[in-house]
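**Q** These are the residues of each chain, in order.
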Amino acid sequence: MGRLWWLLLLAVCAAVAAGCADDDNGGGGSDSESPTRLVVSAAASMTEALEQCGPEFGTAETADVKMSFAGSDELAAQIRQGAKVDVYAAANTRLPDDLHADGLLGTPVEFATNEFVLAVTKDSEIDSVEDLTMEGTTMVIGSESVPIGSYTRETLAKLPPDQEKAILANVRSNEPDVKGIVGKLTQGAADAGFVYVTDVNATNGELRAIKLPAELGPQVTYGAGVVSKSEQQALGQRFVDGLTDGACADALEEAGFGPAP
Amino acid sequence: MRGGWFGVLLFLCLAAALLFLTLPIAAIFVDSSPGELIDSLGEQGALDALWLSLRTTAAAIVIILLVGTPAAYLLATRSFRGKALVVTLIELPLVLPPAVAGIGLLAAVGPSGILGGTLDAAGIELSLTTAGVVVALTFVASPFYVRQAMAAFAAVDRSLLDASRTLGASEARGFLRVMIPVAVPGLAAGTALALGRALGEFGATLMFAGSFQGITQTVPLAIYDRFSTDFAAALALSAVLVAVSGAILLSVKLVQGGAALGGWQAD
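Residue numbers (the working numbering), protein chains in the order written: chain A, 1 to 261; chain B, 1 to 267.
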């Protein structure tokens with residue numbers, strides 16, 4: 001028994017030491033045997049589309065594509081904090097533009113558009129933005145910092161002030177990303193929320209999308225770029241290019257995204 | 001030196017563990033100046049989050065103590081068929097990822113959950129409400145207390161209880177007047193663990209109760225909300241949480257001295 005513990009302890013210490021050593025040369029990419037690694041940080045709304053085409057891109061390039069999906073603002077904050085990310089794809093153009101202005105991201109490109117809609121459960125009686133003002137209607141929207149949340153506030157600000165106020169009074173949660181909004185709606189925790197049409201498509205009929213009048217709906221353009229500190233500039237650029245032409249472009253189109261403006 | 005090279009190895013492992021565990025906490029304080037810290041805490045959203053965290057954690061702890069103490073007493077003093085299974089089920093949330101807890105709560109007591117209709121008929125709304133936060137905190141934190149309380153009761157010398165019974169006290173009286181006072185150090189340790197877990201709860205709260213200032217946005221959710229827009233404010237709130245959690249741990253250790261350590265080791 002004593003010997004067993006001793007071996008276990010030794011194994012743990014060895015593992016820790018090995019972990020540290022691995023970290024030392026892992027960044028340099030000196031290990032020619034393992035495939036190149038490409039880390040992609042993408043807005044949560046692209047999860048389904050990019051999970052389809054990411055591995056395909058990886059196989060074609062013999063690269064190991066790792067994808068991380070979250071609110072665009074969280075991902076931008078991670079890059080600002082020095083996270084080792086190669087490609088950043090956001091649900092707006094402001095966040096990539098800001099990163100570019102601060103020298104953290106190469107010139108961003110606009111690669112897709114999405115439609116900003118009102119989402120309700122499939123048997124909901126809500127049919128328009130005006131219906132949201134009714135007392136007792138519960139809503140979940142994106143928090144102010146995430147693109148879906150700022151689009152939502154932009155849109156509501158175009159309504160008459162009393163309507164805007166009544167709708168905001170019905171908000172029960174400010175979610176950190178679109179997945180949180182969609183999840184709460186499909187679980188019946190709230191009646192309505194503002195999301196992208198692609199998110200509604202991904203629920204396979206659980207939710208219904210209500211189009212907004214043209215004067216109300218914001219222009220939702222997605223922007224992407226290669227992170228300046230990335231050691232995979234060429235590969236990263238090919239991934240970004242592939243968002244407008246290639247497997248990922250097709251997957252985005254299939255998910256309901258529109259072409260770049 | 002005792003143990004020679006083996007002693008050195010033990011020392012190095014401890015040093016590595018200590019450095020790894022304290023560095024992130026030290027960084028929170030190094031990265032934020034005291035001035036920034038106080039400024040960020042003056043903000044209404046931060047105050048709302050702190051106040052909400054205190055209220056919901058207090059409510060959860062009261063529920064946990066009232067229900068968990070007798071339940072732990074029963075488990076510690078009676079043996080019955082299937083007891084091991086019951087204990088395992090009660091301890092399960094200890095090892096559940098918070099996201100699983102959130103999904104589970106939605107599936108059980110969410111609006112479309114298995115008890116959703118019943119609760120709705122009774123006029124009880126949990127998801128996206130402050131009550132929902134308390135439910136999430138109670139779910140994730142109670143096993144920490146019950147486990148510790150069981151150990152504390154099991155460690156009490158049974159002859160004390162037997163003596164009180166011989167003197168004519170009912171079992172209820174023996175439980176309240178003998179068992180609880182003697183087990184207090186262990187119960188306090190369990191309360192501290194549950195308190196710490198409840199204060200830090202994030203995933204289950206976000207999934208089940210959502211995030212709304214003053215209603216469901218507890219301190220951990222407020223930290224996450226500020227992460228992308230105001231890193232200084234996120235650091236300041238984190239510092240407060242570290243200070244409060246540290247104070248809880250320290251006060252328990254100070255009050256009971258070695259007894260707390262003994263309680264943690266007992267199983």
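In case anyone wonders, no lab produced these hints; they're calculated from the structure.
Backbone N, C-alpha and C fix where the C-beta goes; we use that ideal spot for every residue, glycine too.
Hints should not be assumed to be uniformly reliable.
[Claimed, not checked] Label-pair ranges, simulated between beta-carbon atoms:
#1 Ala17(B) <-> Asn201(A): 27 to 33 Å
#2 Ala15(B) <-> Pro261(A): 44 to 50 Å
#3 Lys83(B) <-> Glu254(A): 50 to 56 Å
#4 Ala58(B) <-> Gly246(A): 22 to 28 Å
#5 Thr118(B) <-> Gly82(A): 46 to 52 Å
#6 Ala214(A) <-> Val30(B): 50 to 56 Å
#7 Leu168(A) <-> Arg55(B): 22 to 28 Å
#8 Ser33(B) <-> Glu110(A): 37 to 43 Å
#9 Glu110(A) <-> Leu66(B): 42 to 48 Å
#10 Leu66(B) <-> Ser228(A): 53 to 59 Å
#11 Ala99(B) <-> Ser228(A): 28 to 34 Å
#12 Glu36(B) <-> Glu253(A): 32 to 38 Å
#13 Gly82(A) <-> Arg78(B): 40 to 46 Å
#14 Glu254(A) <-> Val67(B): 50 to 56 Å
**Q** If a hint holds in the structure, say so; if it doesn't, say that too.
**A** Outcome of the hint check:
no., hint, verdict
1, Ala17(B) <-> Asn201(A): 27 to 33 Å, "violated, 48 Å"
2, Ala15(B) <-> Pro261(A): 44 to 50 Å, "violated, 57 Å"
3, Lys83(B) <-> Glu254(A): 50 to 56 Å, "holds, 54 Å"
4, Ala58(B) <-> Gly246(A): 22 to 28 Å, "violated, 55 Å"
5, Thr118(B) <-> Gly82(A): 46 to 52 Å, "holds, 50 Å"
6, Ala214(A) <-> Val30(B): 50 to 56 Å, "holds, 52 Å"
7, Leu168(A) <-> Arg55(B): 22 to 28 Å, "holds, 24 Å"
8, Ser33(B) <-> Glu110(A): 37 to 43 Å, "holds, 39 Å"
9, Glu110(A) <-> Leu66(B): 42 to 48 Å, "violated, 58 Å"
10, Leu66(B) <-> Ser228(A): 53 to 59 Å, "holds, 57 Å"
11, Ala99(B) <-> Ser228(A): 28 to 34 Å, "holds, 33 Å"
12, Glu36(B) <-> Glu253(A): 32 to 38 Å, "violated, 46 Å"
13, Gly82(A) <-> Arg78(B): 40 to 46 Å, "violated, 56 Å"
14, Glu254(A) <-> Val67(B): 50 to 56 Å, "holds, 51 Å"
The structure fails hints 1, 2, 4, 9, 12, 13 (numbered hints given earlier, in ascending order).
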